[in-house]
Amino acid sequence: MQELNNKIAELLTNNLVSIFISYKKGLNGKIKPAFFTKPNEVYENYFGDEAQQNLAVYVHKPEVKKYSKVGILANIFALKALLQLYAENQIKDNYLTIVTVNQDNKVIVFADFNEIESYIAQHQIEKNTNKQKEINELLSLSREKRWEFWVEQLSSCIKCYACRAICPMCYCSKCTVELNQPQWISVPAHSLGNFEWHIMRMMHLACRCINCQECSRVCPMNIPLHLLTTKINSDMEEEFGQIAGMKTTLDFALNTFKVDDYENFIR
Amino acid sequence: MKILSGKIMNYKTLKIDNLDLFFNEIKKSGKNLLVPKKKGKTTYFSSFININDVEFNYIQTTISPKSALFPKVEELISFKKDDGTYVVTEPSIEKETIVFGLRPCDAVGLEYLSNFFLNEKSDFTVRLRKENTTLITLACKNFDENCFCTSVGLSPASIKGSDICLTDIGNGLFYAEIITDKGEKLIAEHSALFSNAEKINKESYVAQVPLKFDSDNLIKNIKNYYNSEKWTINSLPCLGCGACAFVCPTCTCFNIEDEANPVCGTRLRCWDSCAFGIFTLHASGHNPRPIQSNRWRHRVLHKFGYSVTNMDTLSCVGCGRCIRVCPAGMNIIEQILDLQEA
Amino acid sequence: MENNNMYLPYLMKIDKITCEAPSIKTFKLKFINKEDEESFNFKAGQFGEYSIFGEGESTFCIASSPTRKGYIECTFREVGKITSALANCEEGNIIGFRGPYGNTFPIEQWTGKNLIFIAGGIALPPLRCVIWNALDLRDKFKDITILYGAKTADDLVYKYELEDWKNRNDVKLITTVDPGGETKDWTGEVGFVPHILGKYPPHSNNTIAIVCGPPIMIKLTMPILMKLGFTNENIFTTLENRMKCGIGKCGHCMVGNNYVCKDGPVYRYDELLQLPLEY
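Protein chains in written order, with our numbering: chain F, 1 to 267; chain E, 1001 to 1342; chain Z, 2001 to 2279.
Read the hints as simulated data drawn from the structure, not as lab findings.
Just so you know, even glycine gets a beta-carbon here, dropped at the ideal spot from N, CA and C.
Treat the hints with care, as some may be off.
Said to hold, decoys possible - Below, a sample of chain F positions facing chain E; criterion: calculated Cβ distance under 10 Å:
hint, residue
1, Tyr23
2, Ala34
3, Ala189
4, Asn222
What the hints assert, rightly or not - Straight-line C-alpha distance at most 20 Å; calculated DMTMM-like pairs for lysine to aspartate or glutamate:
hint, chain 1, residue 1, chain 2, residue 2
5, E, Lys1230, F, Glu41
6, Z, Lys2262, E, Asp1312
7, E, Lys1223, Z, Glu2278
8, Z, Lys2025, Z, Glu2161
9, E, Lys1072, F, Glu196
10, E, Lys1037, F, Glu152
11, Z, Lys2030, E, Asp1082
12, Z, Lys2034, E, Asp1082
Using the sequences provided together with the hints, build the complete structure.
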């Protein structure tokens, strides 16, 4: 921790970053994002298992973008999100200084996104077996039972859009749900409107979701939203061999057409 | 209906073992009974089906009981095309509702909410629901670091806004304070389950919630805080979702949306939040509160300043839900302490 | 306590549609129900919620004068979902209307005073209501001056009425267009509203200024009025914020503790200065 704090303080002191996004302990003991602008604030820095939030989401917050150079402490999910954002041309060159702490508690400052790509390749986190189990359980159900499951889950949605707000990949300045000419998505939080919203969001995250599961963590109604994106991601991997957050360049499975694409969806 | 705020009409006891009977009797009488239920980490109010899925082990429900008066989606009018013109009809308001298990702070929150909707231009659906709703509050035995009812002038024992207030006094007994005619009427309908009791001192049976901040000082100085620099840095984590507003028992903002097919449709009211960027966005593209710090400031000042001016009361009841639910760890207590520190 | 559902709209028939300028239209609306028409009353400055059933409601001022009974008029620009749906309506169609809402211009207190109306672009409609109200009670007021500017000559609304006002000898009308917005046969002024105001300085003595326009126009006009000796108490304006309910409940239009829909939309300039800059 001391090594990390020294690093952050050093970046701020030498004006290599004008703000550093990390974590600190809140008044209630909850770990929350911290935005350090002065070296003397860094003593509050926290990094550990409780630091869950994917900080990559702040990279596109307008108030953060006002700072000329931003430092960010990235766990493996934030690294994947940042790499995916880079691949989607959402990060300007020389804007971010990305820091991580590896499993041996060594502080790493990445020189560029190629280094992040190879770091991610070497640090494959174990697949969340529980998550796979949940999906397999759902898949083993009949179509009707699965429908019932999602009707029950999604009907409870209150459309607070915490899932969208917390998601590093949801960076559209105007979300589809806010477009009303035509009205793509029904605004009220009734079952139909909720289905439209979550299915649309899932489709927009196909092969872009980096599986940090922040959407499920923050959902006030405890809806297991990650199941939607995890499933569509595994379909994308199977069909197109693509996994989000792994490479500096992408060929966007859902945006590209190739003559040798399977057309087995036409039946 | 007369509400004797702060005056208790009657005292009773109810065996906790008899709750099952009580609930089933209410259900049988055809009323809608809302009870706390648990789904993973979330506790929320839902219609009673069976005593086994009623949740009793919670500091505070994740979702407030406000939907009993102000649901997340409701119909304001419905309309049908008819020979070039329209036939417009009003919704009929549901059957009687009993809410069980809300906390004393919630009862105050719902009182604020209904006072807000019923003052000046009285809101039709909220008024009908309010008339049809009986609140059975459960006094708090426990609290957590996010509870701050005592800092906003309330307590885990307060009866304000409740129709009946239950306190667990041990030995398998609830002590019931019957506060309103509505409460009296409900008890009378199930009188066999309740025994007469003397007034007791509840203090030793309820949680002692520590004071987090001085609200008198806050109200006094709130005007000076508008231009504080702290809003910007403190709101940096805020991601502009509506979670805080939607779980809040006193957040009343809403949106109106039409849904229709070519023949008929409805005009719906749905929850909205001042934290959303588009909440204030003009059609021209101009936004009076263009950045998140403006929106966060508006929410905090509304709770502790604007409603004091407009309604002569704080519109924060210290339930702590916004703190518990915030995806980014925003904490209204921290914000207030930080403002007061200057 | 009122017992009715505040969200129940009046049914109105579109009696006449006037195309004012590119994407700006005026509707003349008549009540379907005679009793509604008889009980309906409003005052200058108030607004309403106009709705297309199935699309939703949109907020505009009532642009006709309360002295003209039996109908109301509204003028709107086609910018969003509902205004587009309204723009697609034809004469004879039925739409919804809720109102009148909000406070009013204190016209009664202006008896014996000079009035100057300063408007920019699509902000003339809220003032048109007051202008006609004053013109219909012409004897009560002294000089009436109207300064109205738009981006181009084409963007001026109520062109037929501007002509009417120009020809009246009891009204002084100054029209202007932004530089480059003039046509070949343009006879009015060329320049931004604040500049033209400086060119034809009105007397501030015993004069009420009613100003309405885009924020930048207001910002540049106020210092000129101050220099001319107008006091904050003699300047009035009307605000437009996003609104949904119109009755002080939905929270969208809040500026500080003020609900523009019920505490406004008309503000005296000294009252406006008390509000945080969130409009």
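Going through the hints against the structure:
1. At its closest, the beta carbon of Tyr23(F) sits 9 Å from a beta carbon of chain E; the interface hint therefore holds under the 10 Å criterion.
2. Nearest Cβ of chain E to the Cβ of Ala34(F): about 8 Å, under the 10 Å cut. The hint holds.
3. Taken as an interface hint, Ala189(F) checks out: its beta carbon lies about 5 Å from the nearest beta carbon of chain E, inside 10 Å.
4. With a least beta-carbon distance of about 4 Å to chain E, the hint placing Asn222(F) at the interface is held under the 10 Å criterion.
5. Of the supplied pair hints, the one linking Lys1230(E) and Glu41(F) holds, its CA atoms being roughly 15 Å apart against a limit of 20 Å.
6. A C-alpha spacing of about 18 Å is found between Lys2262(Z) and Asp1312(E), which places the hinted pair at or below 20 Å, so the restraint holds.
7. A threshold of 20 Å between alpha carbons decides the hint, and for Lys1223(E) with Glu2278(Z) the separation of about 15 Å falls inside it, so the pair holds.
8. Proximity of Lys2025(Z) to Glu2161(Z) is assessed by CA-CA distance (about 14 Å); at most 20 Å being required, the pair is judged to hold.
9. A distance of roughly 17 Å separates the Cα atoms of Lys1072(E) and Glu196(F); the hinted pair therefore holds under the 20 Å criterion.
10. Of the supplied pair hints, the one linking Lys1037(E) and Glu152(F) holds, its CA atoms being roughly 14 Å apart against a limit of 20 Å.
11. For the suggested pair Lys2030(Z) and Asp1082(E), the alpha carbons sit about 18 Å apart, so the restraint of at most 20 Å is met.
12. Using a Cα cut-off of 20 Å, the hinted pair Lys2034(Z) and Asp1082(E) holds, with the two alpha carbons roughly 19 Å apart.
The structure is consistent with each of the numbered hints, conforming to all of them.
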